Amino acid sequence: MASDRIFGLITLITAVAYIAAATQIQTNFFSGEFLPKLFPLLIGAVAAICSLVLVFKPDPDPEWPASRTFVSMGIAVFVLAVYAVMLSPLGFLLPTMFAAGILSFQISLRIGPAILSGLGLAVGLFVLFKYALGLGNIVAYRIPTVEKLWNAITVLIPFVGH
Amino acid sequence: MDILSNLALGFTVALSPYTLFLAVCGCFLGTIIGALPGLGPSNGVAILIPITFTLGLDATSALVLMTSVYYGAMYGGRISSILLNIPGDEPALMTTLDGYPMAKAGRAGDALVLSGVASFVGALLATIGLMFLAPSLARVAFLFGPAEYFALYLLAFCTLGGMASNNQAKAALAACIGLGIAMIGVDQSSGLPRLTGGNLHLFDGIDFLVAIVGLFAIAELFFFIESHGKGSSIGVVLDKVRIPWKDIWHTKWTMLRSSGVGFVAGILPGAGASLGSFLAYMTEKSIAGDKGGFGTGVPKGIAAPEAGNNAAAGGALVPMLTLGVPGSGTTAVLLALLMTLNITPGPTLFTERPEVVWGLIASLLIANVVLLLMNVPMVKIFVKVLMVPAWILLPGVTMISFVGIFSLSGSYFDLLLMIGFGVLGYFLRKLDIPTVPVILGILLGGNMEDALRRAMTLSDGDVTYLFSSPIAIGLWVAAVLGFVAPMFLRGVLKKPQAVSD
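Chains as they are written, first to last, in the working numbering: chain F, 1 to 162; chain V, 163 to 663.
Excised from the complex, chain F in its bound form:
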């Protein structure tokens, strides 16, 4: 019950914000005054109605995992985000090793297999991508400058990055 209500409320607020943003869409002579806004406004309206239905007629709650699991999923998201910004300045091998290892540990909760899959996946996938498939923009490793690392990290900090 509560989960659907909360989700409905979130989507309702998003829908209202979406409608508000849609009314502000810039138009010019070529597009006409109203046409670029029409469809976004319709979508926002339908979404708002559906959200209201969810708020007033919610389904039973799903089985949510323990809060500990949410922490570990949060860690996974963080690891993936760092991986995403480090792939370019550090090259493929090092970030993949760490990211794959940590994710593997989170699934199996064992150190040995985690190290094994981190090393194995980093090397194995690199060989696969670079030599078997010939993907161009995969680089084994890069030695980054401090500035580049800092730039990459600031991406993840709201309002500092770009």
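Worth flagging that the hints you see were computed from the coordinates, not collected in a lab. Being a predicted model, the structure only gives us computed values, none of them experimental. We put the beta carbon where it would ideally sit given N, CA and C, even for glycine. Some hints here could point you the wrong way.
Said to hold, decoys possible - Part of the chain F face toward chain V, derived, beta carbon under 7 Å: (1) 55; (2) 84; (3) 89; (4) 94; (5) 96.
To be verified - Simulated coverage check for chain V against chain F, where a stretch passes if three residues somewhere in it have a Cβ under 8 Å from a Cβ of chain F: (6) 210-222; (7) 283-291; (8) 328-342; (9) 415-423; (10) 444-455; (11) 612-619.
Stated by the list, open to error - Quick list of simulated restraints, FRET-style, between CB atoms: (12) V:180 x F:71: 47 to 55 Å; (13) V:360 x F:2: 33 to 41 Å; (14) V:165 x F:33: 23 to 31 Å.
With the hints as your guide, set chain V onto chain F.
Structure of chain V alone, referenced to chain F:
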């Protein structure tokens, strides 16, 4: 004899040694992808699209490769359905109902071979149906103006929401999320950005591949972190695999009937393969009656949903190719593939690029035969794939997804967006909100809006123009019925739940 000459054209395109090689590779890879627990046809194909794209294959080769992967994944999906009781995707749920009990009764090999043959029959008949039906539907599609197209897109979302989900409001909301995301980016007519919040990365819009891979593959990772990969070990033994001629002969009418039912269900835009396997199973169950023993591991209970499922997958290609409206999650991914290759499905595709359409149809037929030949003797090899532990599989899939998306644009922004879609996908699936309408919304949002805008421009803003032709009215009625009717039928047509141990 138009069809034969067209088919000959298709085979000249698809039957070169190189494309045959690609078809065999694709079938093999696809079967493995389908068999891996947690990797269904949709996410398997989705992950491979960016990589195929960067490989620089030409359109026909890429199409042959990916359709083989797609068909292979459908074949492979039944391996995990039957042996693990884990359906790889929604339509495979019906196969677990009789497949898993049969495997537990010591007939795992028979169940696998029988379902392989049923898949073959379903897919073959559907491909033949596609050859006959698609060109004539393409001719009808020329009558479609913007009003009809708008109604058609609406129909796709309505039937998808109505039939494939448990809650209408949630399905509609999912479609709105997708459509809303599709609006982001530079507006084509004015050249001004819309709803980007001033973020330069969003000016190009959000690539549907980023969304598909995030919603399907990255979300799966979170589910495995939640469950720690439990429940993916084999509980049944597979001994010598023989061909159960008796069962195959015994289920011939079941296969034919189910193929027909599945094909028709697949043609309905939006309804797709889930409906096909469901209807096929239910039809056979009611024909067999109580004495049929459906649900206890009877051959007919395996043949029916597998033939129906694969026939629906073929049927779903009819609206996808002729109208550009996919009928299921996996065809949505295939549509994404075509759009990545710069091929726009629609009625003109048949006249302007016949080599693509008939090449595709020919490669479907080839993939089908290759799969049948490959699956019966090699099923034991594919079963070994199930032994791959989750702690190496899921990180591997995640890393492949990252590299695929990274090689598309080389931008960290798409990767972060993909993670965001993964989180969204996790919560949506937890809350029983279907993710396929989101994908479909992102894919079709631009076209749907375009249809509406052209209709409004043509009619000078007159809303009644949307209901001005018989075809449009028919589509609107079908859309409303498809959305509303399942609410009342839900009590009658109850979805069977998966068997538990």
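Against the structure, the hints:
1. A cut of 7 Å between beta carbons decides the hint on residue 55 of chain F: the least distance to chain V is about 10 Å, and the hint is violated.
2. Hint on residue 84 of chain F holds. Least Cβ distance to chain V is approximately 4 Å, under the 7 Å limit.
3. At its closest, the beta carbon of residue 89 of chain F sits 10 Å from a beta carbon of chain V; the interface hint therefore is violated under the 7 Å criterion.
4. Taking 7 Å as the C-beta contact cut-off toward chain V, the hint placing residue 94 of chain F at the interface is violated, the least distance being around 13 Å.
5. Hint status for residue 96 of chain F: holds, given a least beta-carbon distance of 6 Å to chain V, under 7 Å.
6. Counting residues of the segment 210-222 of chain V whose beta-carbon sits less than 8 Å from any beta-carbon of chain F gives 3, enough to reach three: the coverage restraint holds.
7. Check result for the segment 283-291 of chain V against chain F: violated, 0 residues qualifying (beta carbon to beta carbon below 8 Å, three or more required).
8. For the segment 328-342 of chain V, the stated coverage by chain F holds: 10 residues have a C-beta nearer than 8 Å to a C-beta of that chain, and at least 3 were required.
9. Interface restraint, the segment 415-423 of chain V with chain F: violated (0 residues with C-beta to C-beta distance below 8 Å; minimum three).
10. Check result for the segment 444-455 of chain V against chain F: violated, 0 residues qualifying (beta carbon to beta carbon below 8 Å, three or more required).
11. Three residues within the 8 Å Cβ limit are the bar, and the segment 612-619 of chain V against chain F gives 4, so the coverage statement holds.
12. Look at residue 180 of chain V against residue 71 of chain F: about 50 Å separates their beta carbons, and that is inside 47 to 55 Å.
13. Distance hint check: the CB atoms of residue 360 of chain V and residue 2 of chain F are about 35 Å apart, consistent with the given range 33 to 41 Å.
14. At about 50 Å, the CB distance of residue 165 of chain V to residue 33 of chain F disagrees with the hint of 23 to 31 Å.
Of the numbered hints stated above, those contradicted by the structure are hints 1, 3, 4, 7, 9, 10 and 14, listed in ascending order.
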